[in-house]
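Chains as they are written, first to last, in the numbering used here: chain A, 1 to 786; chain B, 787 to 936.
There could be a bad hint or two in this list.
List time: in silico BS3-like cross-link candidates among lysine-lysine, alpha-carbon distance up to 30 Å [claimed, not checked]:
1. A:Lys241 x B:Lys899
2. B:Lys872 x A:Lys734
3. B:Lys872 x A:Lys230
4. B:Lys872 x A:Lys226
5. A:Lys595 x A:Lys351
6. A:Lys241 x B:Lys872
7. B:Lys872 x A:Lys735
8. A:Lys241 x B:Lys901
9. A:Lys734 x B:Lys899
10. A:Lys230 x B:Lys901
11. B:Lys899 x A:Lys735
12. A:Lys241 x B:Lys854
No lab work stands behind these hints, which were simulated from the structure alone.
Note that the coordinates shown come from a computational prediction; the quantities given were computed from them, not determined experimentally.
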Amino acid sequence: MLQYFETEARTARQVEVQSSIENVSRRSVLGGALAASSFVVALRIAPANAREALTPYPTGAAGMPHTVVADPNVFIAIAPDGVVTIVTHRAEMGTGIRTSLPMVIADEMEADWSRVRIVQAEGDEPKYGNQDTDGSRSMRHFIQPMRQCGAAMRHMLENAAAVTWGVDPALCRAKNHQVLLLDGAKKPSGKSLSFGELAKAAMAQPVPPQGKLLYKTPSEFTLIGKDTTKIADLRDITTGKAVYGADIRLPGMKFAVMARPPVVGGKVKTHDAAKTLKVPGVEAVHELEGVHKVPRGFSILGGVAVVANSTYAAIAGRDALDIEWENGPNASYESVAFDKEMTATAAQPGKVIRNQGDPDAAFAKAKQVFSADYHAQHIVPAAMEPLVAVARVADGKADIWAPVQSPYGARKDLAEALKIPIENVTVHVTLLGGGFGRKSKWDFMVEAALISQKLGGTPVLLQWTREDDIRHAFYHTVSVERIEVAIDEKDKVTGWRHRTVAPSIISTFKEDTGYSFPIEYGMGFVNTPFDIANVRCENGKAMAHTRIGWYRAVSTIPHVFAVQSAVCEVADQLGRDPKEFLLELIGSDRKLDPKALGFPEDFWNFGDPYEAFPIDTARLKNVIRIAADKAGWGRKLPTRHGLGIAAHCAWSSYVATVVHVEVGSDGKISVPEVTTAIDCGLYVNPERIRSQMEGAAVMGMSNTVYSGITFKDGAVEQSNYTDFTVARMSNYPKKVTTHIVDAPPGTHAGGVGEPAVAPFSGALCNAIYAATKKRLRSLPTGDIVT
Amino acid sequence: MPSINVNGEKRDYSGDSAMPLLWFLRDELNLTGTKYGCGAGVCGACTVHVDGVAVRSCQTTAAEVTGKSVTTIEGLDAGGEHAVQKAWRELSVPQCGFCQAGQIMQAAALLTKNKAPTDDQIVEEMSGNICRCGCYQRIHDAVRLAAGGV
Ligand code: FES
Ligand code: FES
Chain A
1 MLQYFETEAR TARQVEVQSS IENVSRRSVL GGALAASSFV VALRIAPANA REALTPYPTG
61 AAGMPHTVVA DPNVFIAIAP DGVVTIVTHR AEMGTGIRTS LPMVIADEME ADWSRVRIVQ
121 AEGDEPKYGN QDTDGSRSMR HFIQPMRQCG AAMRHMLENA AAVTWGVDPA LCRAKNHQVL
181 LLDGAKKPSG KSLSFGELAK AAMAQPVPPQ GKLLYKTPSE FTLIGKDTTK IADLRDITTG
241 KAVYGADIRL PGMKFAVMAR PPVVGGKVKT HDAAKTLKVP GVEAVHELEG VHKVPRGFSI
301 LGGVAVVANS TYAAIAGRDA LDIEWENGPN ASYESVAFDK EMTATAAQPG KVIRNQGDPD
361 AAFAKAKQVF SADYHAQHIV PAAMEPLVAV ARVADGKADI WAPVQSPYGA RKDLAEALKI
421 PIENVTVHVT LLGGGFGRKS KWDFMVEAAL ISQKLGGTPV LLQWTREDDI RHAFYHTVSV
481 ERIEVAIDEK DKVTGWRHRT VAPSIISTFK EDTGYSFPIE YGMGFVNTPF DIANVRCENG
541 KAMAHTRIGW YRAVSTIPHV FAVQSAVCEV ADQLGRDPKE FLLELIGSDR KLDPKALGFP
601 EDFWNFGDPY EAFPIDTARL KNVIRIAADK AGWGRKLPTR HGLGIAAHCA WSSYVATVVH
661 VEVGSDGKIS VPEVTTAIDC GLYVNPERIR SQMEGAAVMG MSNTVYSGIT FKDGAVEQSN
721 YTDFTVARMS NYPKKVTTHI VDAPPGTHAG GVGEPAVAPF SGALCNAIYA ATKKRLRSLP
781 TGDIVT
Chain B
787 MPSINVNGEK RDYSGDSAMP LLWFLRDELN LTGTKYGCGA GVCGACTVHV DGVAVRSCQT
847 TAAEVTGKSV TTIEGLDAGG EHAVQKAWRE LSVPQCGFCQ AGQIMQAAAL LTKNKAPTDD
907 QIVEEMSGNI CRCGCYQRIH DAVRLAAGGV
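Sequences are here, hints too, so could you generate the full structure?
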């Protein structure tokens, strides 16, 4: 997602079609009439086994560094024993992508999944295409090139068989790990060659040009869209064999931890390691100079590294350090005061980002005006696996093993920090024990490499303790959102004003202006899909005083919380049903016209070209109706129970969530049920989509109820899961039911990892209101409604 | 030299007696299936069995388990076919997987002492184990499934 920023710098660059996979959009044929949750069958009756040419569509991949690579020889190798090795170049952090992208290749090339072996790519974007595993982009950007690789390899196998048999390739048909020879009537002749037998000849075949490829029709898919594929690492995970960052063991490897300045921009004034060096097992202490350039990027904070023969000894050694810190200009950052400042800013007109119609006149003429402020604290990703990296920097070469979302960006910075050519740096990607955005930032890898360099090449495992992970993160931004709604005498909404005030992620990459960027206001702020005549979206200034970064779902969390809460509040004020009111605000079935609505020139659109990925209100209303129906919207509930709904279009997918809350007589919030409907276009692995929806509800529960990071004297006040609390089994959404909406064939793949997180917050607070008539407008709410 | 029985093998232990079992397992025995998540006894990622009972290895010193039997995820079942492991795979519980060794060890210990836990007992027993990916629903279902036999 750094490339959210890099994309930013490339707005002038023309989006070009990077891949030649075709995918006929039948949306125009089907119109807006999306069938509910039933599968919409292709209108044309395809003859059995009819493969098709497909029309390519542009994606945001064109704007990413190194775009995409669609060369089967890069991603696929077939061995004479028939084992098909598929390279996965995106990082696995729990979404299942390490399984899902290979599924796409395997299906398209007709490989038998049980004979597929998956290999994780090193950080090498010129070879593999973009590797930044974030922004819910892996499937959106790579389903086309992966299908292309698979289809090309299938043709290569068929062509190799044709040469062997001396027949027309049209008579050779790959099916389930072998190529069948067809007779004149295109029926299997009984003759076949296995993929293993064809391996050598197939791999030597020229790669067919893109325009010559035929693709499987959806009815021919054996893996894509089916629920039958288990994730690749399932057995290893359940037996303790899966390898995460801290599980790398090298001969002679040492263990290190670091003490870092509590305030961003702070420095070591003095340090005394005498006591540390007496701790049994401690072998060395090194000061690492922080890099304090502006902008900071992912540069290291600096501090003191303690190297020992075990993690335990290193931690004990760190505890014994005497360090005096110099805190620098961020030492006055204080969360309570900052929230007050942001609230005051939100009460004043800000920089206009979107204007449509004449909002001032609408508000002047309004019979009623609704207005409310919504607050949200910082959050830290706090993946279960704390940051960790293993480095060996010796003889002018560097090998770094890490759970990293952006291995190539890391490699570039490592080369620079170590002052060695990039060819001499190898970044090995382990499994990630969760990422949520933090592991896109590779400061921890640079630290490990510099320590190994200082040790003269000794391999070292740098472990961040949980406290380090909580206190030295790149934080989800803090925010105040003010929403004002003008209502006329007929109870019609005539004006919408939304002000957002939040330090920007871009402050990490450019000199801080205090204002938001398209990547932020494109996340549910300017692109609210309401049919309201007069709209103004304004941005108030807020400077960053810590490192701001992206956290799963990013700015949709505060924006969607505010927007979806406000809709429900206005519905209540007007005595309307919140779901019906939401549908009415969205209005007729249409694709939004950004120009007519006064969207800014660049509203990001989650990085995707708008023509291929427009905001389609029919799809949004469809998921709202499905979620509401399946949740039994409108049914009678016991007292102190309530249903709340929220929905949005994000990452080119559509999600609606209904939360059922129970608020105990003691005020305790619990969630017996969550119903989520998602339309993410063409989808690959429904089982993993459901697990993402379940996880998003739990993370939504944490974001809404439990998790907040606050600063005092410039430093983070929380330290561990004791005070940075998250949902546990004692209080998590008990039952999450997911409805994956079958969009018409030809609907492009959208994102899955992030879109379901944000709606949860609005839906839960709306449900709490329904249950108690108490409106909660500050996140986290705490788990007791008072 | 003091020794600890780890997964059926006698392992000599010579280090600092205050060293948490977690780091002895990971850094000295290279049994990396047991994970570090918090070091404070509040996440459960480091859960192992000591004489069949689930303990947090980050809060248990190596000295405390001298002469006792420690089982880690690697030793739960030689073939990885413990009922809990099978249930976990059957229901595709893991997302990132990092917490799962601790979850599985916690669940296995629960089922040893209570063959048929109620839903409330499952919640109580499993609430010390955090899953930041949010697999709780499937963890709960998998414990139930394992109790019923897979
Ligand atoms: S690491 Fe032991 S409980 Fe978290
Ligand atoms: S599966 Fe990722 S923390 Fe549990």
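Quick rundown of the hints versus the structure:
{"no.": "1", "hint": "A:Lys241 x B:Lys899", "in the structure": "26 Å, holds"}
{"no.": "2", "hint": "B:Lys872 x A:Lys734", "in the structure": "22 Å, holds"}
{"no.": "3", "hint": "B:Lys872 x A:Lys230", "in the structure": "13 Å, holds"}
{"no.": "4", "hint": "B:Lys872 x A:Lys226", "in the structure": "22 Å, holds"}
{"no.": "5", "hint": "A:Lys595 x A:Lys351", "in the structure": "19 Å, holds"}
{"no.": "6", "hint": "A:Lys241 x B:Lys872", "in the structure": "15 Å, holds"}
{"no.": "7", "hint": "B:Lys872 x A:Lys735", "in the structure": "22 Å, holds"}
{"no.": "8", "hint": "A:Lys241 x B:Lys901", "in the structure": "27 Å, holds"}
{"no.": "9", "hint": "A:Lys734 x B:Lys899", "in the structure": "25 Å, holds"}
{"no.": "10", "hint": "A:Lys230 x B:Lys901", "in the structure": "28 Å, holds"}
{"no.": "11", "hint": "B:Lys899 x A:Lys735", "in the structure": "27 Å, holds"}
{"no.": "12", "hint": "A:Lys241 x B:Lys854", "in the structure": "24 Å, holds"}
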